[in-house]
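Participant: Go ahead and model the full structure; you've got the sequences and the hints to work with.
So the sequences go chain by chain: A and B. If you count by my numbering, then the first sequence holds residues 1 to 323, one letter each, in order. If you count by my numbering, then the second sequence holds residues 324 to 625, one letter each, in order.
Hints were generated in silico from the structure; no laboratory data involved. Please note that the accuracy of each hint is not assured.
Result set (SDA-like, lysine to any residue): computed pairs, CA atoms no more than 25 Å apart in a straight line [claimed, not checked]: (1) A/3 / B/455; (2) A/7 / B/458; (3) A/7 / B/454.
Since the structure is predicted, the reported quantities are computational estimates derived from the model, not experimental observations.
Chain by chain, the residues run as shown.
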Amino acid sequence: MYKYIFKRILLMIPTLFGAAVLVFFLMRLVPGDICELRMAGTGQYFDERALQVCREQIGLTKPLFVQFFDWVWGIARLDFGVSMWTGRPITEEIGLRFELSLQVAIMATLTATILAIPLGTISAVKQDTWIDYVVRSFSIAGIAMPSFWLGILIILGLLITTQRYFGVPWMPPIQYTPIWVDPWANLSQLIWPALATGYRYSAVATRMTRSALLEVLREDYVRTARAKGLLEKLIINRHALKNALLPVTTVIGLEFAFLMGGLVVTEQVFNLNGLGKLFVLAVTHHDYTMTQSLVMLVALVFVLTNFFIDVFYAWLDPRIRYR
Amino acid sequence: MAVTEKQVAIAPQVDETEETRFTWGEVARNLFLRKPLGATGAVVILIMVAVALFADFITPYNPVVNAYDKIHEAPSAEHWLGTDQFGRDVLARIIYGARTALLVGFTASLVGATAGLILGVASAYFGGRFDLLFQRVMDIFIAFPLIIMALAVVSIFGTGTQNVIIAITFPFVPRCARVVRASALAVREIPYVDAARALGFNHVRIIMRHMIPNVMAPYLIILTAFLGQAILLEASLSYLGLGVQEPTPAWGLMLQGGAEEYAESAPWIAIFPGVAISLSVFAFNLFGDAVRDTLDPRLRSD
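Facilitator: Listed below in structure tokens is the structure:
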């Protein structure tokens, strides 16, 4: 087991390094840079000398490979540098938003898991009945509905109902309050984006639960369990579901990783100052250092999630360990 | 004894390849008889395609010309779904928006999935170091959420319909390649590939004529799954202002044009384009599910 874990940790390094190479050179392929963007605002756009000074200050005039190795060496010492746009340390900028994104991701994951497993199970057990059709339509609708549109509808619904029943339209607060400072204010802000994304997320997981369980229910050992007269409830809960939940864990894990960086659009709707918004700003500002760090963060979350899923698999299924 | 064991081991594979061979007529019949949901999806898709093709004959309104005397009109007999903040007919923009959605959806999924198909099969066929390296590169690409990958591509090529297609195609390639590769690995072990090699066929011929036809099932499954995703992704990018640009009619863009600001005074601007997106992605997903159930013998209910 330890050998397997060690091997999996070593395998993360090339992926992360590849991501670093990719984002570094991809960013520099983009026409225009942060200095041009800054000067454009001050009307000094055509002043080549000012541009040159600005680039030298940020370190953009150094050879590409020197820049690349400086950056990677910095990461190796956990020094991510400063944002090119704001000049503040990157760890500080990300730290401000990390909490919010993490909380939304966790809340959405909880919503999804609570909904998905019972719904997917019932849909598979009652395959091709009206219950199955209702659950499937509900879950396909969740995938079809853009979460940003669901967000708009939620805001619209809140505005209209509060207007009708309380006389004053109410909108979720825009200012982020940590949950330990004021849980009520915190939840009244974050529960809506968590629901909007959680619905889509639960739809994905429900479908996975259904198809995985359908596959398992056709296995020989389920037939054996039925042949020996075991209660159907026990067959599903003890025998089938245990095996079917493996791929579901993968989906839930990967969606969680996705939520940490991919909430770009939902954050826009609810006006949240999260990692997704920071990412869009960094890309549009040509803020190389910030974009690179965010990409590395997303890649790290993804790789770590994969790692935990794999270890979890290996722990459950000894055959994987020895392959 | 050894012989029987081998036969037992090979038997399920032969079964599977025979079961996945079918005619198009059979697929259509199966779809309508056994997959009512899938058939519904197919009908909605056909209606969408018809609406997109004949948009000029369906609506008398021009989707791009502003009419400042008709801003924010509520739905009426004249404007069934109301008008937007530039006085344009919302229904007309939804109808013409179907063109954008379908163009982006079909082009991005077809190109992305086909590129993935060829790369995935080639990777499985050549195997060895090439395969290993290729898989690592694909891993890196898959490590990024679709939307982030698309954002990165948009920031290189810029916005606009064409670039949105590129941005959506790009992240599809590794996802399809990975799925197809897994099936192609199994196909490579079937003796007829060795036979083709023994006959002296070149690599391109073996890949194109002998391997690709046998991985069509996963390819079609993932292709139909991409269609809905592509439409959703286009809407998201356009909503962020990084996709299709004004005045081109596009559903995501219609939501972006101040949908939240006018939520109270003109909610129809925020509601109807979202219905169009959801309905079309819903239809593509229903259809894709039916295709998967039909092509994947393990999931058949009978």
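Participant: Each hint should be assessed against the structure and marked as holding or not.
Facilitator: Going down the list of hints, with the structure as the test:
1. Pair hint residue 3 of chain A plus residue 455 of chain B holds up; C-alpha atoms about 21 Å apart against a cutoff of 25 Å.
2. With a C-alpha separation of about 17 Å, the suggested pairing of residue 7 of chain A with residue 458 of chain B holds against the 25 Å cut-off.
3. Distance hint between residue 7 of chain A and residue 454 of chain B is fulfilled; the C-alpha atoms sit about 20 Å from each other, no more than 25 Å.
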